[in-house]
Amino acid sequence: MRYRLIAVLLALLAAPGLAAVAESQAPVKIGVIQPLSGPVAASGNYVRMGAEIARDWINARGGIGGRKIELIIEDNKSDPKEAANAAEKLIVRDRVPAIMGAWGSSMTLAAMPKLEEYGVPMVVETSSAASITKRGNPWIFRISPPSEMEALGLEKYLPALKIKKADFLAVNTDWGRGAVGAFGDVLKKHGVSVGAPEFMDQAATDMNAQITKIKGSGGDTLFLTTSVEQITLVLKQAQEQRFQRRIITTGGSSSPNQLIKQAGAAAEGTYHILFFMPWFPEAMPDGKLARAFVDEWSKRGHPFEGLTEGFRGHDGIATIAEAVKIAGKDEPRAIREALWKVSLMGVNGPIRFEKDGPAGKESGQSRPSIFVVQIRDGKVTLPDFVAKK
Amino acid sequence: MRLLVAGLGAAAALTLPLWLQSPYHVHVVIMAGIFTILACSLNLLLGYAGQLSLGHAAFFGIGAYTSALLTLRLQWPFLAGLVAAAAASGLAGWGIGRLAFKVRGAYFVLVTISFAGVISLVSVNWMELTNGPLGLPGVPAAELFGVSFRTKSAYYYLVLAGAALAVLVCRRLVRSRTGRAFLALRENEPLAESVGIDAVHYLAVAAVTSAALAGMAGSLYAHYTRLVSPEVFLFTYTVTMVIMVVAGGKGTLAGPVVGAVLFTALPEALREVVAWQWQMVLYGVVLILLVFFLPRGIVPAVGAALRARMAPRAGEPRLEPGARSPLP
Amino acid sequence: MEQLLQHLVNGLVLGGTYALLGIGLTLIFGLMNVVNFAHGEFYTLGAYATFTALAFAHLDFFLAVLAALAAGAAIGAAVERVLLRPLAGESIDTTMLVMIGVSIALQNAVLLGFGGVAQSIPHPFPTEPLVLGAVSIAPLRLVVLAAAGGLIAGSYLLIHRTRLGQAMRATFQDPDTAQLMGVRIHRVHTVTFAFGAALASAAGALLGPVFLVYPSMGDLAALRAFSVVILGGLGSLPGATLGGLVLGIAEELGAGYVSSGYRDAAGFLIIIMVLLLRPSGLFARAERVG
Chain A
0 MRYRLIAVLL ALLAAPGLAA VAESQAPVKI GVIQPLSGPV AASGNYVRMG
50 AEIARDWINA RGGIGGRKIE LIIEDNKSDP KEAANAAEKL IVRDRVPAIM
100 GAWGSSMTLA AMPKLEEYGV PMVVETSSAA SITKRGNPWI FRISPPSEME
150 ALGLEKYLPA LKIKKADFLA VNTDWGRGAV GAFGDVLKKH GVSVGAPEFM
200 DQAATDMNAQ ITKIKGSGGD TLFLTTSVEQ ITLVLKQAQE QRFQRRIITT
250 GGSSSPNQLI KQAGAAAEGT YHILFFMPWF PEAMPDGKLA RAFVDEWSKR
300 GHPFEGLTEG FRGHDGIATI AEAVKIAGKD EPRAIREALW KVSLMGVNGP
350 IRFEKDGPAG KESGQSRPSI FVVQIRDGKV TLPDFVAKK
Chain B
0 MRLLVAGLGA AAALTLPLWL QSPYHVHVVI MAGIFTILAC SLNLLLGYAG
50 QLSLGHAAFF GIGAYTSALL TLRLQWPFLA GLVAAAAASG LAGWGIGRLA
100 FKVRGAYFVL VTISFAGVIS LVSVNWMELT NGPLGLPGVP AAELFGVSFR
150 TKSAYYYLVL AGAALAVLVC RRLVRSRTGR AFLALRENEP LAESVGIDAV
200 HYLAVAAVTS AALAGMAGSL YAHYTRLVSP EVFLFTYTVT MVIMVVAGGK
250 GTLAGPVVGA VLFTALPEAL REVVAWQWQM VLYGVVLILL VFFLPRGIVP
300 AVGAALRARM APRAGEPRLE PGARSPLP
Chain C
0 MEQLLQHLVN GLVLGGTYAL LGIGLTLIFG LMNVVNFAHG EFYTLGAYAT
50 FTALAFAHLD FFLAVLAALA AGAAIGAAVE RVLLRPLAGE SIDTTMLVMI
100 GVSIALQNAV LLGFGGVAQS IPHPFPTEPL VLGAVSIAPL RLVVLAAAGG
150 LIAGSYLLIH RTRLGQAMRA TFQDPDTAQL MGVRIHRVHT VTFAFGAALA
200 SAAGALLGPV FLVYPSMGDL AALRAFSVVI LGGLGSLPGA TLGGLVLGIA
250 EELGAGYVSS GYRDAAGFLI IIMVLLLRPS GLFARAERVG
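Residue numbers (numbering that gives the first Met the number 0), protein chains in the order written: chain A, 0 to 388; chain B, 0 to 327; chain C, 0 to 289.
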């Protein structure tokens, strides 16, 4: 008789506990918006692969408070309208409490009004336009550097580079134009003269005309800002025109190994500003994490050249997961509050958000690490002026 | 019978936000509404005047940018911006009409493509005016007589009114003398000209009306998404409009409406059903199958089926479904 | 001045391939009155066929290009036979819409099969450019120009020196009479479409190694093909050839001297001007009415 009573009491006590456990088994959903098709599909897919690694690692360690992470991935087709649609779908249909996206600056900007409308935070992993964090959208948290920060990252090497006159060739988007402005300002501050910038359409394949024009400008260095596909084409066409100048690519999407593979000798001697050096993972702020990421990436059979962008996916998801952990629940507002308290080590380096933008409606901006590498003898190395330090 | 169906349809449309709970679905319906206006406008040129314009996205984009620039930079009120957008597009339509109707058929098609191409390039490169690829974010919300159309439900009614207006305009035009002139020109242009119907004049009327409606749709789009960028000139918008008109049934009044609703809902429905890699492949296959089995479009096919159902028994002559148009 | 020469040379090479695209489309558009929206997709297919042949089957370069030609012809013939022939009596919009559907399905099938990442086609030619005075040109581009020229010449021979070509010309001029004279119109249509598709595939196979290969590469190609057709006049081979060269050079000069952003505008503006001043194009006979 007594045992029966005890059993019933135990069952009654256990019931709410079981219910809580059942509820907490539901996975934490995180939305991901990337260009998985269109002219920049390579980059979008690399970011996706990095995100998947982060998800698997976190789930292997038990998830967040016992709950697994589930990524809901949408393709924005390199089109801002699709990015906005994807954001809406993720928020309303899939009820994600947080999103990572959307790679290109125009796509991110298009999705931003939806974030404010529904009150859902988004971690920006790649976009570089300054306006993203200056617009006064308190639901935006960016871990990638705006072009201004990138240019400042190069500043310390300017004396060693000894540039007299620089030219620009950039993709005609927010990203390219922003880079031209930011780098131009920094160069001019140091007394470097700047030639007229040339632009190319995102889908253009023939840049011979622009290269011919730049050849006649008298400069000694060319700053090139675009995705790896176009960089390949520019380098090949520059070689065909016997363009003999120093070339520095910016934006971090240059995937040097892909350049070596597809542009061959044309890539020799070029410099690249990146935010991850998979060739020297131990030199990254958290060497062990970086090495582990590189190893996992190759274990999955992903192309090595994708690492320079794939890490963005990892860091973005890791940031969101950390925020959910701090918040204790997967609720958008709580996650946003928690993002301000996040301080973790990503593959790129420390991630911590500072206020950026108009008072009262600040967005979060982290200060990522910035690196410069060079292609020499068909391999990626540290440039002389960096190695000496 | 017809009135009953129409009445039910109207009742459903008017109360939509009440029974369609998900804001995402309302969003799809709003986009369908905007595309309805676009499809109706293209139908005027393509279905009634018989001219294939593949630059229609240009009129859409001109309307969107005009409205956005006037309300954003000069603080014009929404309604004034809308009217100006329609006017600007209408003017462009008139210009194209005058230029292009000197040539017909394939050549007209290519002039319209070129026009759209040039406008698209201008929007990307003329930074001072359009802000180039960065676009115009922060377009103010639509406001009419003190009512602000910020929420989806409110905007739905605005778009519904716009779509109703577009259909009404098309209906009036088609049923008027101008409409009969269109028909005459479409069926047999030299003959029509010989009885005094000035082809260029009527084609210009079609072009201006068509472009103005598309411009209005552009303005509605700009104030809904609150961000206008050169992507509005993408060729895929034009292609989508053409699909909607032809698959829905060109030369009919209901065709573009059906086409717009179907082909706005289709990609979203596919998004639910299949992984992202297969969505567009299926879209293409559905399109091919649709055109293959219903070459005149959905509405004429449904109409013919209904007529066959209600046809008299053997012995009495059957009515022929609508005349076929030999386009140039 | 040296810049001018370099621009001209660049434009010439591009123009040769544009001519290939244009010839194929002018035959399809002119003879069959089909607005072939999928023309760009055949270009893409040609490039991917070459890529597959070289990267996986390790064929010789020229064999790979031939394989691409054959693939284009085969798929083109299939599309015509299965989709276009049954729709023979329908309006031009209907056939156009079917081709739009084919274009969407094909492009996304390629995306599905090969992935969205751009590929590079390996080629056996040295990468060091040949230098002729102030102008430098890669050996690959010279090969492309030569091959394009060869294919154009071949097309002329086909159209003007063979029975098949005679049948095609007859069908273009007056299908009813041609049919009365015993020409098998249906067969001519299939062959014409296959031929046009094959030329587009050849253009893709040749330009693939010069640039990069990715699923949406056909979009720009299709637009240029239409521009060339309008420039040269519907149904005119010499028109398409000259039109292609003019477009290539105009684009280069426009990008070089006006503004790189407005590169594509050159093509469009030419079209508009030609149509205003000489609507039937540079070479065509007056357009048939009705």
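No wet-lab data here; the hints were simulated from the structure.
Predicted, not measured: the structure shown is a model, and the values here were computed from it.
All C-beta atoms in this analysis are idealised placements derived from N, C-alpha and C, irrespective of residue type, glycine included.
Don't take every hint at face value.
Just so you have them, the derived chain C footprint on chain A, three or more residues with Cβ under 8 Å [stated by the list, open to error]:
#1 38 to 51
#2 178 to 191
#3 209 to 216
#4 226 to 233
#5 237 to 243
Pairs of lysine-lysine, DSS-like flavour, derived with a Cα cap of 27 Å [claimed, not checked]:
#6 A:K260 / A:K328
#7 A:K340 / A:K324
#8 A:K67 / A:K360
#9 B:K151 / A:K28
#10 B:K151 / A:K155
#11 A:K155 / A:K354
Here are a few chain C residues that sit away from chain B, every Cβ distance over 10 Å (derived from the structure) [as the list claims (entries may be wrong)]:
#12 F60
#13 L86
#14 L129
#15 A166
#16 A264
#17 I270
Structure-based check of all given hints:
Coverage of the segment 38 to 51 of chain A by chain C holds [criterion: at least 3 residues with CB-CB distance below 8 Å; count 5]. Residues of the segment 178 to 191 of chain A lying with their CB closer than 8 Å to a CB of chain C number 0, which falls below the three-residue condition for coverage. Requiring three or more residues with a Cβ within less than 8 Å of a Cβ of chain C, the coverage given for the segment 209 to 216 of chain A holds, as 5 such residues are present. Counting residues of the segment 226 to 233 of chain A whose beta carbon lies closer than 8 Å to any beta carbon of chain C gives 3, which reaches the threshold of three, so the coverage claim holds.
Coverage of the segment 237 to 243 of chain A by chain C holds. Counting CB-CB distances below 8 Å, 4 residues qualify, and the rule asks for three or more. Between K260 (chain A) and K328 (chain A), the direct Cα distance comes to roughly 45 Å. Violation of the 27 Å bound is thereby established for this hinted pair. Simply put, K340 (chain A) and K324 (chain A) have alpha-carbon atoms about 11 Å apart, close enough for the 27 Å limit, and the pair holds. As the CA atoms of K67 (chain A) and K360 (chain A) are separated by approximately 32 Å, the hinted pair breaks the 27 Å bound.
Note on K151 (chain B) and K28 (chain A): the hinted pairing holds, with a Cα-Cα distance of about 25 Å set against a maximum of 27 Å. Taking the CA atoms of K151 (chain B) and K155 (chain A), the gap is about 50 Å. The hint is violated against a cut of 27 Å. A distance of roughly 25 Å separates the Cα atoms of K155 (chain A) and K354 (chain A); the hinted pair therefore holds under the 27 Å criterion. With 10 Å as the threshold on Cβ separation, the claim that F60 (chain C) sits away from chain B holds: the shortest Cβ distance comes to roughly 31 Å.
A cut-off of 10 Å between C-beta atoms contradicts the statement that L86 (chain C) is not in contact with chain B; the least separation is 6 Å. With a least CB separation of 33 Å from chain B, L129 (chain C) remains clear of the 10 Å interface cut-off, as annotated. No Cβ of chain B approaches the Cβ of A166 (chain C) within 10 Å, the least distance being about 23 Å, so the stated non-interface status holds. A Cβ of chain B approaches the Cβ of A264 (chain C) within 10 Å, the least distance being about 5 Å, so the stated non-interface status is violated.
Distance check for I270 (chain C) against chain B: the nearest CB is about 4 Å away, which does not clear 10 Å, and the non-interface claim fails.
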